Amino acid sequence: MTAAGTPSAAGAEPHMPLLSIQDLEVTFTTDAGRSVAVSGVSFDVRAGETVAIVGESGSGKSTTAAAVIGLLAQNGSVTGGRILFDGRDVAAMGPGEIARLRGSEIGMVPQDPMSNLNPVRRVGSQIAEALEDNGVAKGRAARARTVELLEEAGLPDAARRAEQYPHEFSGGMRQRALIAMGLACRPRLLIADEPTSALDVTVQRTILDRLTQLTDQLGTSVLLITHDLGLAAERAHRIVVMYRGEVVETGPAAQLLRDPQHEYTRRLLAAAPSLASRRIQLAKAAGVDDTSDLLAVSRGDDDAAPAVATGAPGKADHIIEVDHVTKVYGLRGRRLFSRSESFTAVDDVSFAIPRGRTVAVVGESGSGKSTVAKMMLDLVKPTSGVIRFDGEAVGGADRTAEVAFRRRVQPIFQDPYSSLDPLFTIGRTIEEPLRAHGIGSTTERRQRVRELLDDVALPSDVLRRYPAELSGGQRQRVAIARALALNPDLVVCDEAVSALDVIVQSQILRLLADLQGRLGLSYLFISHDLAVVRQVADHVCVMERGRIVEQGSADDVFDDPQTEYTRTLLEAIPGRDLELGLVG
Amino acid sequence: MIRLVLQRIALLVPTLLGLSVLLFLWVRALPGGPATALLGERATPEAVERINRLYGFDQPLLQQYLKYVGQLATGNFGTSTRTNRPVLEEFLNRFPATVELTVLALVIAIGIGIPLGYVAARRQGRLTDHATVVASLIGVTIPVFFLAFLLKWLFAVQLGWFPSAGRQDPSMVATHPTGFYVLDGLLTREWDASWDAIVHLVLPAIALGSIPLAIIARITRASVIEVQNADYVRTARAKGLRRTRLRSRVILRNAMLPVSTTIGLQVGLLLSGAVLTETVFAYPGIGSFLAEAIFNLDYAVLQGFVLIIAVVYALANLAVDVSYGLIDPRMRTR
Chain A
1 MTAAGTPSAA GAEPHMPLLS IQDLEVTFTT DAGRSVAVSG VSFDVRAGET
51 VAIVGESGSG KSTTAAAVIG LLAQNGSVTG GRILFDGRDV AAMGPGEIAR
101 LRGSEIGMVP QDPMSNLNPV RRVGSQIAEA LEDNGVAKGR AARARTVELL
151 EEAGLPDAAR RAEQYPHEFS GGMRQRALIA MGLACRPRLL IADEPTSALD
201 VTVQRTILDR LTQLTDQLGT SVLLITHDLG LAAERAHRIV VMYRGEVVET
251 GPAAQLLRDP QHEYTRRLLA AAPSLASRRI QLAKAAGVDD TSDLLAVSRG
301 DDDAAPAVAT GAPGKADHII EVDHVTKVYG LRGRRLFSRS ESFTAVDDVS
351 FAIPRGRTVA VVGESGSGKS TVAKMMLDLV KPTSGVIRFD GEAVGGADRT
401 AEVAFRRRVQ PIFQDPYSSL DPLFTIGRTI EEPLRAHGIG STTERRQRVR
451 ELLDDVALPS DVLRRYPAEL SGGQRQRVAI ARALALNPDL VVCDEAVSAL
501 DVIVQSQILR LLADLQGRLG LSYLFISHDL AVVRQVADHV CVMERGRIVE
551 QGSADDVFDD PQTEYTRTLL EAIPGRDLEL GLVG
Chain B
1 MIRLVLQRIA LLVPTLLGLS VLLFLWVRAL PGGPATALLG ERATPEAVER
51 INRLYGFDQP LLQQYLKYVG QLATGNFGTS TRTNRPVLEE FLNRFPATVE
101 LTVLALVIAI GIGIPLGYVA ARRQGRLTDH ATVVASLIGV TIPVFFLAFL
151 LKWLFAVQLG WFPSAGRQDP SMVATHPTGF YVLDGLLTRE WDASWDAIVH
201 LVLPAIALGS IPLAIIARIT RASVIEVQNA DYVRTARAKG LRRTRLRSRV
251 ILRNAMLPVS TTIGLQVGLL LSGAVLTETV FAYPGIGSFL AEAIFNLDYA
301 VLQGFVLIIA VVYALANLAV DVSYGLIDPR MRTR
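In order, the protein sequence lines correspond to chains A and B.
The opening residue of the first sequence carries number 1 in the UniProt record's numbering; numbering runs sequentially from there.
The opening residue of the second sequence carries number 1 in the UniProt record's numbering; numbering runs sequentially from there.
Pulled out of the complex, with its shape left as it was, chain A reads as follows:
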């Protein structure tokens, strides 16, 4: 650890911040003209301090960070203000001068571990080359140092791992390698741009713990970029809230949470699911017309829970029953003529969705939750077990029964950017299921599309527009409208809000709750995000490695988790410890 020498945080003037951004303006030039992405941004990062920039996508938080390290996209440039790093203006530096700062003085941990490692170089070499090019160590010494750095970042069996390629690493392991890389040359400032948002919560927690521990130990200043207010509050000394390219509020983390001054910060706080777990009923009630009715139903659910848990068939009030379902996938054998191995993605899973209610399946990546969703949509056949929809087994040979089933069960997928056909207008997209099933005349269909737009609170002028012209939240509304076009009984939401910013996310969750109240929909809600699940679910199934390890009413699972795994998941939610202070 001492080989590279620790940076001298004390070397800087005690009162001079390490990084001082003053009135920063960043402009992008596109075919459509110039657009100012960031303007009037000012804040400081002192030595050893962690400052978080919080904001939704498009708020300019990542652009600000990119300007600090001189890695703006080619069409972007700093058009105003100063970025003082250790007293020198980065914005005024030539490309060569900034390049010398990168790695050695300012490090970066990027967002997506899957796409940020060079796929054709060994992981160790990728760190060693950074050491060599920054003049820290050479040849064998650099390789030895690389193993130390990987160990320090919490990668087990580092010596062997250093010789492997990125595709042999899991997401969490890659992120550790990226942390080792970012801190390799002991920079004085580390820019962590959404360092864990692509990872499962439990992995996220251990990685952030390691990052915090390391930067504390080394005295590294951290500029943390995140959309997650809970995470920012937990990890940063001070928070900078950005909105539409401007800083709307800056302050110490605790104070900013307790006493938000700006309207946008308040909205962000209210919407943040990680901080709102005590407000579930409120959030839900707000979207439903008849509050008392909902609460009554909600209470009744606790009694029904045991029956649900056993998945006993024949209960008429269940829209769909999953009965001892297992899915085994065959893997290709490693050797030329070896027998193929198999992988059990879903292992003896049973649960049921009461009519008009929401059942959530939560779990980390690889837990089998999406396979469950696919089987319930009859896109994948179970290896054994039965799924009964309205009492009828799903997946029979009967073609008319299949068409009827597909009408009554509709999916909403995660990515609103890729799940809409870019060549169809919004009107055509929503009309498509009606056409496919030959429902109504042209005028009737047009009428129905307008109703649906109304249902999802979109203005009718989007009809003629294309998906590319809409925001993420608007697109997800379109996806919901399309799913509702055929008046389904069951909607399968596979990570339906995970790609959205918190404020938009909470709007969509309210919309879903509202539609459920009005149309009597049943939801299967697949999510990795427990905080979101807490807001929407009546009944929760926790999946781990293909099995349901715990299921019960949402209140039971969240307030009194029975298994260690559920407790680990719950504890890993960022900002969990802060929420009581907020509500209380």
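Hints listed in this document are in silico derivations from the structure and should not be mistaken for laboratory results.
Any given hint could be a false lead.
Computed spacing ranges between beta-carbons, pair by pair [as the list claims (entries may be wrong)]:
no.: 1; chain 1: A; residue 1: D461; chain 2: B; residue 2: R330; range: 45 to 53 Å
no.: 2; chain 1: B; residue 1: P258; chain 2: A; residue 2: Y466; range: 27 to 35 Å
no.: 3; chain 1: A; residue 1: A73; chain 2: B; residue 2: D192; range: 54 to 62 Å
no.: 4; chain 1: A; residue 1: E564; chain 2: B; residue 2: V13; range: 52 to 60 Å
no.: 5; chain 1: A; residue 1: D415; chain 2: B; residue 2: R245; range: 34 to 42 Å
Model, not experiment: these values are computed from the prediction.
Glycine included, C-beta positions come from ideal geometry on N, C-alpha and C.
Chain B: place on chain A using the hints.
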């Protein structure tokens, strides 16, 4: 990796069998049958019958096919009706000439195409880039034989910088232990013979390499543009990599993945292009021999050459796939 090679070689067997069926049936389906094809349309019925008996064309098809395959398995590809020499011998005599030509064409295509594509990508949207795109479009669209004629007319006939035909100056006396003239000159230390062979190769190789060059340049350009915007390139810059290392280890190596596949596919294009180029430059390779075989309805040569070329093509692509594994570690475990 060894598994991949074995699998691919095993896959070659059914491919070649299928091809042999097609070639076999093609000759039998000729108007008037193979005997008429051999003897010409005005052959007497007696002569046709004699030929049919001689070559076994009067026997059942399956029996004929089995005999044919049996002969192939022992390396007997039949006899050229034009030269009366074994097809395999004719092939082996001319193959080194075509290998020299295609290798040089490929060297030109890769040696110019990749740097050109790279420079165009780095200067995307500027004059160099536009010029490259236009030039490579012309390169792809211009027919090989036309370019060959043009080069021959300008550089051989008008300017006289290069010889207009053949592999070797008629006055040159040289020994040829391997049949690869450039190599032979180096082995026997007859430097002037090597130089003479190279001079003869230049124009045909440029003509033959033009289309692959244009394609490789375009693919390289597209690939580099994509790769240089990749997240890992940004991260590599963020960790302070020097420019040379960034370009060689990160950008170029990743950009080479689609390019190497393209190069493999060019081998087929080169072999078919060789027929036209060799004809224009009267270059004594398998291409010009094939062309003569077509004009003279020399079916044994056509059948044999097509089969052997298929094997060469398959092996060349296998070599490219193996090299792909060397560049991309993700391919190795599969």
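Comparing the hints with the structure gives:
1. Distance hint check: the CB atoms of D461 of chain A and R330 of chain B are about 46 Å apart, consistent with the given range 45 to 53 Å.
2. The hint said 27 to 35 Å for the Cβ distance between P258 of chain B and Y466 of chain A, and at roughly 30 Å that hint holds.
3. Between A73 of chain A and D192 of chain B the beta carbons are some 57 Å apart, a value that agrees with the proposed interval 54 to 62 Å.
4. Taken as a hint, the range 52 to 60 Å holds for the pair E564 of chain A and V13 of chain B, whose Cβ atoms sit roughly 56 Å apart.
5. Checked against the hint of 34 to 42 Å, the C-beta distance between D415 of chain A and R245 of chain B comes to roughly 35 Å, which is consistent with it.
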